[in-house]
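Participant: Residue numbers (the working numbering), protein chains in the order written: chain A, 1 to 113; chain B, 1 to 113.
Warning: the hint list may mix true and false statements.
Here are the simulated distance ranges between beta carbons [what the hints assert, rightly or not]: (1) A/N30 to B/P113: 39 to 47 Å; (2) B/G83 to A/P39: 36 to 44 Å; (3) A/G16 to B/V110: 18 to 26 Å; (4) B/T94 to A/R77: 26 to 34 Å.
By construction, these hints were calculated from the structure, which means they are not laboratory data. Quick caveat, the model's predicted, so the values are computed rather than measured. Glycine is no exception: its CB is placed at the ideal position from the N, C-alpha and C atoms.
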Amino acid sequence: NAGVTQTPKFQVLKTGQSMTLQCAQDMNHNSMYWYRQDPGMGLRLIYYSASEGTTDKGEVPNGYNVSRLNKREFSLRLESAAPSQTSVYFCASREYNSNQPQHFGDGTRLSIL
Amino acid sequence: QQQVKQSPQSLIVQKGGISIINCAYENTAFDYFPWYQQFPGKGPALLIAIRPDVSEKKEGRFTISFNKSAKQFSLHIMDSQPGDSATYFCAARTSYGNNRLAFGKGNQVVVIP
């Protein structure tokens, strides 16, 4: 049982390049989330999808777009990468409106030069 | 605006000692308070959680203490072990709607032998 799988694990980009981070979950969860983690800042929500077909902005959505491709997959796109987007990105999923916790992937470490 | 404030930022504890991490929140609509544990290179994982109808919850060496009137909750790690060295995040959310978690900034705990 893989849980939440993120690809790639590491990536280096040049400023201005575009990239899509992939996330897939096999727990049949309705809700999925994208966070970024920066030193001293904790986890900040970028975008989330409460259920298939819906997406909403979180705390720090600028510079990102998302696609909820189906119930399993939720991708995060950087259209024109900037050095300020250097971070570790985590995807999470949970069952909507339940007492169950969020389950996280192991992250994508992204460096933008 | 940080909805959940966590202190201290880092903590060094001797093996066998007690680690204590404190969190404070403002939103009285929060009714679920989890603690996540994160090891280097991994995503956060749920450690223990509490609801405001109880003042304490214990699971093994980990205990959450909750003070509803003060809007504070804390994590106590008893008999701290080197394997407990990790980053700990407190969080809070409401039980209705999309269940977005508000995270604290994290606390790095180092347990020295």
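Participant: Determine for every hint whether it applies to the structure shown.
Facilitator: Hints, one by one, checked against the model:
1. A/N30 to B/P113: 39 to 47 Å: holds, 44 Å
2. B/G83 to A/P39: 36 to 44 Å: violated, 23 Å
3. A/G16 to B/V110: 18 to 26 Å: violated, 39 Å
4. B/T94 to A/R77: 26 to 34 Å: holds, 29 Å
Going through the hint list in order, the structure does not satisfy hints 2, 3.
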